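Whenever a hint applies, use it, and build me the whole structure from the sequences.
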Amino acid sequence: MIRSRRRPESQQRFGASPVSASRLRMMSRTSEAEAQQAASDDPMKYLWATEGAFRMLTLAYSLFIHTGAVDHYTRPHLATALIAVQCIWSGVVAIALFARPRWRSWLVAGDIVVTLGLMYATWIVADASWWDHNQSLPTTMWATNAVLAAGMQWGVTAGFLAGVGISLASLHIGDDLSWMVRSPTMPILVSSGIAAGVGGVGARRSHAQLVAALELRARAAERERLAREVHDGVLQVLALMGRKGPSFGAEGAALGQLATEQERALRTLIADVDEAPIAAPGSSSAPVDASTDGAPVDLRRELLALADDRVRVSAGSAPVLLDAARAGELLAATKQALANTERHAGEHATAFVLLEDLDDEVTLTVRDDGPGIPDGRLAEAKAQGRMGVSRSIVGRVESIGGRAYLEAAPGEGVEWEFTLPR
Numbered sequence: 014m015i016r017s018r019r020r021p022e023s024q025q026r027f028g029a030s031p032v033s034a035s036r037l038r039m040m041s042r043t044s045e046a047e048a049q050q051a052a053s054d055d056p057m058k059y060l061w062a063t064e065g066a067f068r069m070l071t072l073a074y075s076l077f078i079h080t081g082a083v084d085h086y087t088r089p090h091l092a093t094a095l096i097a098v099q100c101i102w103s104g105v106v107a108i109a110l111f112a113r114p115r116w117r118s119w120l121v122a123g124d125i126v127v128t129l130g131l132m133y134a135t136w137i138v139a140d141a142s143w144w145d146h147n148q149s150l151p152t153t154m155w156a157t158n159a160v161l162a163a164g165m166q167w168g169v170t171a172g173f174l175a176g177v178g179i180s181l182a183s184l185h186i187g188d189d190l191s192w193m194v195r196s197p198t199m200p201i202l203v204s205s206g207i208a209a210g211v212g213g214v215g216a217r218r219s220h221a222q223l224v225a226a227l228e229l230r231a232r233a234a235e236r237e238r239l240a241r242e243v244h245d246g247v248l249q250v251l252a253l254m255g256r257k258g259p260s261f262g263a264e265g266a267a268l269g270q271l272a273t274e275q276e277r278a279l280r281t282l283i284a285d286v287d288e289a290p291i292a293a294p295g296s297s298s299a300p301v302d303a304s305t306d307g308a309p310v311d312l313r314r315e316l317l318a319l320a321d322d323r324v325r326v327s328a329g330s331a332p333v334l335l336d337a338a339r340a341g342e343l344l345a346a347t348k349q350a351l352a353n354t355e356r357h358a359g360e361h362a363t364a365f366v367l368l369e370d371l372d373d374e375v376t377l378t379v380r381d382d383g384p385g386i387p388d389g390r391l392a393e394a395k396a397q398g399r400m401g402v403s404r405s406i407v408g409r410v411e412s413i414g415g416r417a418y419l420e421a422a423p424g425e426g427v428e429w430e431f432t433l434p435r
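The sequence shown begins at 14 in the numbering used here and counts up by one.
Some hints here could point you the wrong way.
[Said to hold, decoys possible] What follows is a set of in silico ranges between Cβ atoms, one per label pair, in the way DEER data are often shown: (1) S412 x R256: 17 to 23 Å; (2) I108 x V247: 52 to 58 Å; (3) E274 x K58: 52 to 58 Å; (4) R236 x E274: 20 to 26 Å; (5) G265 x E355: 23 to 29 Å; (6) T87 x L174: 30 to 36 Å; (7) R113 x D373: 45 to 51 Å; (8) P384 x R435: 33 to 39 Å; (9) R435 x Y59: 35 to 41 Å; (10) E425 x E355: 14 to 20 Å; (11) T63 x T87: 34 to 40 Å; (12) A226 x G265: 47 to 53 Å; (13) V105 x R236: 44 to 50 Å.
Note that these hints are calculated values from the structure, not bench results.
All of these numbers come straight from a predicted model, not from anything done at the bench.
We put the beta carbon where it would ideally sit given N, CA and C, even for glycine.
Take a look at the structure:
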């Protein structure tokens, strides 16, 4: 539909940036800081904190078992001393695994050695009548920590092998390896090692994807900032030189022509640098092929191709993807509006195209600085069967679910605004 919408000059969208330069600069710096912070973060620290809490719980269980078993040991004082070593080691390794990422491989290796040493110490503090029918000194529950640590630090295979090794040691201490087919020890420890390995690998992979996504966002914010600064500075100066050059004679005209050519080249360069939309890590980021049926089309790129010495296009730096059918109709309506400017506004008129990609809609505005439309001219054109406005422009936009608004008055130029819901 056609509807007159007069806005105060302060609300005109042309010449005003939807995002200020200072805010863009702040967004760029914030995104870069977030990416650097994420890259320096330890992806495993919360898993190690959880493992440390589990270690303390299993230590409490081990102490409880020891209080009931110490009277059955042949060397109770040595057994108590070894339990004290177990307590000290548990506290030290739990804190160090959380706080010292660079020490983790050595700590995990040491944890396996200490665990096996305490388990085999059962042969020293007790006799066969005890170890044949009871748990090893530190308990199998506490020994699970070494299996979990191996899986978290070195992956699934290491977790599996650690589970098998600790299980065999536990059964060997009981002097009955044939019992492994009936004991739940091996399935439990092996499953725990595999699960810890999967969790560790998943945490590192998710962290790497997060860092990659934040780095992409930081680069996109920096591109947006640079493109906006180039547009507000260099491009506007080149455009001014292109318009004013002919008024300074032949040399000025030549300089103006050169400035116009450089302006076009710079716009193309800005449009082509990192044109593809940001993709999630691991996904395809190939450029859109607009010739493929049903493929999305970058409306921004298509509009930039319309720019010349009489058409100024401002479309930001990020791609605006629409399906081919909707983008084609919106582009055709824009071309018709520009054709009307060329036909009716005079040879010195300039058209301005502004593309805004908002959260829930795409807004495309086409304005010229021509003489405007005389009162009653649209009704007269419709009565004469000239349907350029109602069919070529409004009809196209409404056919894809959008709305077209016309703002015109004698001496004030013509402004079209097309809104298309996402």
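Here is what the structure says about each hint:
| no. | hint | in the structure |
| --- | --- | --- |
| 1 | S412 x R256: 17 to 23 Å | violated (36 Å) |
| 2 | I108 x V247: 52 to 58 Å | holds (56 Å) |
| 3 | E274 x K58: 52 to 58 Å | holds (56 Å) |
| 4 | R236 x E274: 20 to 26 Å | holds (24 Å) |
| 5 | G265 x E355: 23 to 29 Å | holds (25 Å) |
| 6 | T87 x L174: 30 to 36 Å | holds (33 Å) |
| 7 | R113 x D373: 45 to 51 Å | holds (48 Å) |
| 8 | P384 x R435: 33 to 39 Å | holds (36 Å) |
| 9 | R435 x Y59: 35 to 41 Å | holds (36 Å) |
| 10 | E425 x E355: 14 to 20 Å | holds (18 Å) |
| 11 | T63 x T87: 34 to 40 Å | holds (38 Å) |
| 12 | A226 x G265: 47 to 53 Å | holds (50 Å) |
| 13 | V105 x R236: 44 to 50 Å | holds (49 Å) |
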